[in-house]
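Colleague: What follows is the residue order along each chain.
There are 2 protein chains.
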Amino acid sequence: MTLTLALDAMGGDAGPEMVVKGADLALRQAKGLPLCYLFFGDNLAIETELKKYPDLQKISNIIHSETIITNQTKPAIALRSGRKSNMGMAIDAVAKGQANAVISAGNTGAYMALSKILLKTIEGIDRPAIPAILPTLKGKTVVLDLGANIDCTSENLVQFALMGEAFARQLLDIERPSVGLLNIGSEELKGNAIVQAAAQLLKEFPDLNFQGFVEGDDITSGKTDVVVTDGFSGNIALKSIEGAAKLVGHLLKESLGGSLRGKLGYIIAKPAFKQLQTKSDPRLYNGAVFLGLKGIAVKSHGGTDFVGFANAIGVAISMIQHNFIKDIEERLSILISRDKQPVSTLTVEV
Amino acid sequence: MTLTLALDAMGGDAGPEMVVKGADLALRQAKGLPLCYLFFGDNLAIETELKKYPDLQKISNIIHSETIITNQTKPAIALRSGRKSNMGMAIDAVAKGQANAVISAGNTGAYMALSKILLKTIEGIDRPAIPAILPTLKGKTVVLDLGANIDCTSENLVQFALMGEAFARQLLDIERPSVGLLNIGSEELKGNAIVQAAAQLLKEFPDLNFQGFVEGDDITSGKTDVVVTDGFSGNIALKSIEGAAKLVGHLLKESLGGSLRGKLGYIIAKPAFKQLQTKSDPRLYNGAVFLGLKGIAVKSHGGTDFVGFANAIGVAISMIQHNFIKDIEERLSILISRDKQPVSTLTVEV
Chain X
53 MTLTLALDAM GGDAGPEMVV KGADLALRQA KGLPLCYLFF GDNLAIETEL
103 KKYPDLQKIS NIIHSETIIT NQTKPAIALR SGRKSNMGMA IDAVAKGQAN
153 AVISAGNTGA YMALSKILLK TIEGIDRPAI PAILPTLKGK TVVLDLGANI
203 DCTSENLVQF ALMGEAFARQ LLDIERPSVG LLNIGSEELK GNAIVQAAAQ
253 LLKEFPDLNF QGFVEGDDIT SGKTDVVVTD GFSGNIALKS IEGAAKLVGH
303 LLKESLGGSL RGKLGYIIAK PAFKQLQTKS DPRLYNGAVF LGLKGIAVKS
353 HGGTDFVGFA NAIGVAISMI QHNFIKDIEE RLSILISRDK QPVSTLTVEV
Chain F
53 MTLTLALDAM GGDAGPEMVV KGADLALRQA KGLPLCYLFF GDNLAIETEL
103 KKYPDLQKIS NIIHSETIIT NQTKPAIALR SGRKSNMGMA IDAVAKGQAN
153 AVISAGNTGA YMALSKILLK TIEGIDRPAI PAILPTLKGK TVVLDLGANI
203 DCTSENLVQF ALMGEAFARQ LLDIERPSVG LLNIGSEELK GNAIVQAAAQ
253 LLKEFPDLNF QGFVEGDDIT SGKTDVVVTD GFSGNIALKS IEGAAKLVGH
303 LLKESLGGSL RGKLGYIIAK PAFKQLQTKS DPRLYNGAVF LGLKGIAVKS
353 HGGTDFVGFA NAIGVAISMI QHNFIKDIEE RLSILISRDK QPVSTLTVEV
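Chains X and F supply the protein sequences, listed in that same order. If you read the first sequence in the working numbering, its first letter stands for residue 53, the second for the next number, and so on. If you read the second sequence in the working numbering, its first letter stands for residue 53, the second for the next number, and so on.
Please note: incorrect hints may appear among the correct ones.
Same chains, same names: a pair is fine if it fits in one copy or spans any two.
As a list, the in silico BS3-like pairs of lysine-lysine whose alpha-carbon atoms are at most 25 Å apart [what the hints assert, rightly or not]:
hint, residue 1, residue 2
1, K83, K73
2, K148, K136
3, K378, K315
4, K190, K315
5, K275, K305
6, K190, K298
7, K73, K103
8, K331, K298
9, K275, K103
10, K168, K136
11, K172, K346
12, K378, K104
13, K168, K255
14, K315, K326
FYI, nobody ran anything at the bench for these hints, they're computed from the structure.
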């Protein structure tokens with residue numbers, strides 16, 4: 053089966069040049085997997101770039117859009133242009149079944165809102181969430197939501213837990229992922245009412261490997277396979293982790309640079325340091341999925357280069373290959389059937 | 053002037069043995085500063101320990117308490133015992149002016165609640181907050197609140213900002229500390245209503261070096277001298293940073309251990325690695341102040357050893373030496389006088 057990918061060619065700070073070059077790299081990284089690209093945006097601008105990559109050109113189609121939105125376009129205007137813009141048309145291609153996934157490095161707010169309107173959420177999901185896969189002491193952990201939903205109800209958190217579970221099952225290949233709910237530590241002050249209510253709902257959820265509350269340091273310790281939180285705390289946790297990693301690197305450099313032995317040791321061990329640096333290259337973690345939609349939409353960082361964009365395309369391919377949406381639909385059917393059950397059958401048990 | 057310190061001898065997982073040993077170390081670290089210790093708790097248990105340190109014994113008094121609360125006592129019971137327990141009596145010594153500060157490694161919830169009742173909050177402050185001083189790329193940053201207040205109003209956040217500002221001015225010796233409000237990144241979704249309202253209030257606050265919103269990674273980048281947030285996000289950010297530092301250390305070890313060159317480089321640069329490890333010893337960061345009270349109360353981590361407890365005593369000494377409470381009272385008088393102003397003078401301006 054050929055995988056068809058809809059690319060918003062005008063999104064991202066660097067526009068078509070970066071998107072087309074990234075698509076070319078992703079094609080080579082896909083190693084023979086049959087791909088087809090649909091580039092949405094300005095015909096001329098895309099064609100100019102495509103000409104540079106003959107192999108890429110063969111498997112690509114350009115779909116011209118009269119309305120062009122870039123990362124400089126105000127989100128409100130981007131939204132109003134709906135399915136007529138490069139971004140909207142790319143999303144709509146997935147909604148219409150013409151493409152298997154859409155990838156854009158455009159404005160997050162507009163992209164999320166348009167995706168929600170055009171692709172619709174899976175039944176049982178109120179809002180899409182953005183997960184991240186983070187390295188831990190034990191392996192990898194899925195954290196969500198990372199900023200799509202600032203104010204969350206306990207029901208939202210339960211939905212995130214189910215989406216995170218399905219994501220970990222499919223993408224981390226864990227049969228029965230353990231799930232933790234992010235909270236603060238002290239025994240007697242276990243978070244706010246929303247977190248407490250969510251914990252209760254998760255505890256009662258059938259066949260869920262819920263491990264209760266986890267704390268900020270448990271994200272990177274890998275205590276659970278999935279960490280669930282609202283978008284405000286999740287975004288702050290993720291960025292705090294990024295910042296801390298930078299700080300430790302800086303302090304290490306300072307410490308090593310402060311003595312002759314340190315400098316010498318660094319030179320000798322340089323390949324090991326380089327290896328660590330390569331492994332933690334943020335471009336390799338680029339590509340955030342909007343979880344909970346009926347189609348696959350991947351958001352690339354707006355400021356990324358072609359390497360990062362190619363990685364975002366890779367995430368989309370991986371999402372298509374795993375039967376993620378079906379998995380989550382099945383999981384959610386429990387929630388839905390429970391909600392639809394008349395109250396009487398719950399209370400008149402004999 | 054002799055500094056009198058009230059110590060809860062029964063708090064902490066290791067009890068009097070750890071507290072007394074820590075007090076001895078702090079005495080030696082104070083290098084001739086005239087200190088006097090008041091130990092609150094079980095007479096016999098404290099005396100047994102004190103006998104081991106003749107120099108310490110000379111400057112120490114034991115105040116026996118009939119009601120003993122330890123870290124195994126339930127917080128509710130600890131609270132009910134009020135000022136009759138070792139913890140309550142130690143706090144009360146500060147309230148009555150018999151001691152300059154109280155230090156306890158006891159239960160956080162009970163200690164915070166009793167301190168609030170016995171010491172009272174500074175006029176204009178609704179709730180005490182717990183700050184931390186974190187290392188950054190540029191130096192040090194004050195972050196608050198770290199878990200004392202889960203649900204905060206925008207007014208609470210403004211009070212935290214003023215307390216943090218005074219704390220940074222006095223303890224980091226910065227004349228006009230810059231203040232940032234923790235939020236999530238995306239331009240179009242700038243946090244919830246509480247954070248937005250707080251930002252507005254801070255922007256309008258006279259003579260405050262408010263720099264607007266900062267993100268999770270700005271905590272360790274040192275973008276501002278003070279980072280203000282509610283206790284839920286603050287606790288998660290702090291613990292996420294701790295966890296990330298551990299993870300980077302682990303990945304580095306793995307990377308260095310994976311090759312001969314890595315191992316060799318590590319051995320040669322070992323003093324530099326050790327230096328970094330020593331600098332980041334969590335015991336050296338032990339001692340959290342309850343900011344916003346009319347007296348100085350320092351919370352030591354319950355699981356710390358004597359080195360950590362000595363550091364918590366050091367924090368208390370440093371708080372006494374800086375005129376912290378007076379500084380914050382002056383700063384808050386602006387808030388109070390503004391609140392007390394009759395509305396008419398604000399509206400009938402001609």
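Colleague: Could you check the structure against the hints above and give me the numbers of any it violates, in ascending order?
Modeller: 3, 9, 12, 13
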